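For chain A, the structure is supplied; the task is to place chain B on it using the hints.
For reference, the chains in residue letters:
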Amino acid sequence: MIDHMSALFTLGNMQFLLRGAGMTLLLTVIGCTAGLIGGFLLAYARGSKGTPTAPLRWGATAFVEIFRRIPFLVTLFLVLYTAQMIVPRAPLFWVAVVSICLLCSAYMAEIVRSGMESVPAPQIEAAEVMNFSRWRITWMIVLPQAWKVILPSAVSYMVMFVKDTALASQAGVFELMFAGKALANRGLDPFLVFATVLFAYFVISWPLARFGRWLEARLARRTHEGDRR
Amino acid sequence: MNYSLQFGQIAADVPYILSGAWPTLWITFVTFFAAAVLGLFIAMARLKGGPLASRLAGIWVTLTTNSPLFVVLFFLFNGLPNWGILLSPIAATLIAFIAISSGYLAEIQRGGIQSVRQAELDAAETLGMSRLQILRFVIAPHVIKTTYPALSNFFIFTMLGTSMASLVGVNELTGRAIEVSSRTFRSIEVFSLVAVTYVVLSLFASAALALVGRWLFRVNARMI
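Protein sequence lines correspond, in order, to chains A and B.
Just so we're on the same page, my numbering is the position in the first sequence counted from 1, plus 146.
Just so we're on the same page, my numbering is the position in the second sequence counted from 1, plus 384.
Excised from the complex, chain A in its bound form (with noise of 0.2 Å):
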């Protein structure tokens, strides 16, 4: 035990370890602030109204009810085969991006509508009898409050999918479970190895997990306090 140890815990690994969980942070931020654009958009083009915007809306009802139905393992796949057809020798890491963003796009979308959908309605009919153009409703009337709303969920959201990373190493990405992978490969001990990687995951996630609760209980608190004034 107390060798197994010595040979894991030595600077050398430690600094893999640290790379593989900075590659994990990377694509949790690329994918959540890619989703909640690309989330923001397809929630805007679910939302619109009239005849010829018609396709627009069922292609992003679409895509956010297909890539919420599809484990993201078998995303991951399908992205990495796609890409390897298309361009040969896909960089790895675009590969998970890719993926990591039409998952956290199709989730995001359904975090940013609900968010939109909590503004009070009779806001947006006032306005729109006064004439504002959608896109001026949304920006000036309906995101200024729902951001309230989106905010906690899309932290809570964050903590989940900082989890899905893990699932990047499968199609050979470098990340934090990549590492723990290669180091396990080396011959060390595998018990060891995955505890650590798992106590690292939990230092990652845990810290997340409570700022959210923190942010949530803090702006429900404040929106209370302006129902009052």
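One or more hints might be untrue.
In the SDA-like style, the derived pairs of lysine to any residue whose C-alpha atoms are separated by at most 25 Å in a straight line are [unchecked claim]:
#, chain 1, residue 1, chain 2, residue 2
1, A, K294, A, L157
2, A, K327, B, T449
3, A, K327, B, K529
4, A, K327, B, G468
5, B, K529, A, A366
6, A, K294, B, S499
Covered stretches of chain A (in silico footprint by chain B; criterion: 3 or more residues with CB under 8 Å from a CB of chain B, positions within the stretch not fixed) [claimed, not checked]:
#, region
7, 210-223
8, 236-247
9, 326-340
10, 346-353
These aren't lab readings, by the way, just hints derived from the structure by calculation.
All values derive from a computational prediction rather than experimental measurement.
Yeah, the Cβ is synthetic: ideal placement off N, Cα and C, and Gly gets one too.
Chain B only, in chain A's frame:
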């Protein structure tokens, strides 16, 4: 770009891949219901248990909801054998899935139980209802109504999550896809077939859950 889609080459394997839906479904059902029962006990321990029980339940929830299922699965399947515990793929899958899901389901059910207001219970008692009647007519309908959407969401989530079981060698939908694609090299065909199967399965599951919710519990769940 000289790859052309040839679904004909996997035609013989299609029934084999599609019947992988059965393992996917039963793993989902077993995981979900076992974890829901376990989660209910954890939620009760957190709310009504003694200081030690509620503390332990809280720690369990924190640990499980902050650990990636995939890494737990690898830990059980690849890490434990070194210590003399050899788990079959399906055993490792069920243990990992039930353990992790129990934390999430405990949180969902805790929220549901907490949403029952004391005033309602007092009112029921004033009306002379027995404890069993209170549970049947006041607590249960309320808890089911508040937790049903989250529970059915989690059911779909579990179904999609079971695809990870393929990575430790369980022969379910994704596992069969990996097997056939490495034999025939028609990867895109195989995985798009599997993707469509997952979409169809989860659409059916959503519709069924919405209908059950409407008929049995009068929950206005959205179909899509």
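Here is what the structure says about each hint:
Proposed proximity of A:K294 and A:L157 is contradicted: the alpha carbons are some 43 Å apart, above 25 Å. With a C-alpha separation of about 22 Å, the suggested pairing of A:K327 with B:T449 holds against the 25 Å cut-off. The suggested pairing of A:K327 with B:K529 is violated, with an alpha-carbon distance near 43 Å, which exceeds 25 Å. Restraint check for A:K327 and B:G468: the C-alpha separation of about 20 Å stays at or below 25 Å, so the hint holds.
This hinted pair checks out: B:K529 and A:A366 have alpha carbons roughly 23 Å apart, not beyond 25 Å. Distance restraint check for A:K294 and B:S499: the Cα-Cα separation of roughly 22 Å lies within the 25 Å cut-off, and the hinted pair is therefore satisfied. Beta-carbon proximity to chain B at under 8 Å applies to 10 residues in the region 210-223 of chain A; the threshold of 3 is reached and the given coverage holds. Coverage of a stretch by a chain is defined here by at least three residues with a beta carbon nearer than 8 Å to that chain's beta carbons; for the region 236-247 of chain A and chain B the count is 0, and the condition is violated.
Figure legend: the region 326-340 of chain A, annotated as covered by chain B; annotation consistent (9 residues with Cβ-Cβ distances under 8 Å, at least 3 required). Only when three residues or more bring their CB closer than 8 Å to a CB of chain B does the claim for the region 346-353 of chain A stand; here the count is 4, and the claim holds.
Checked against the numbered hints above, the structure violates hints 1, 3, 8; every other hint is satisfied.
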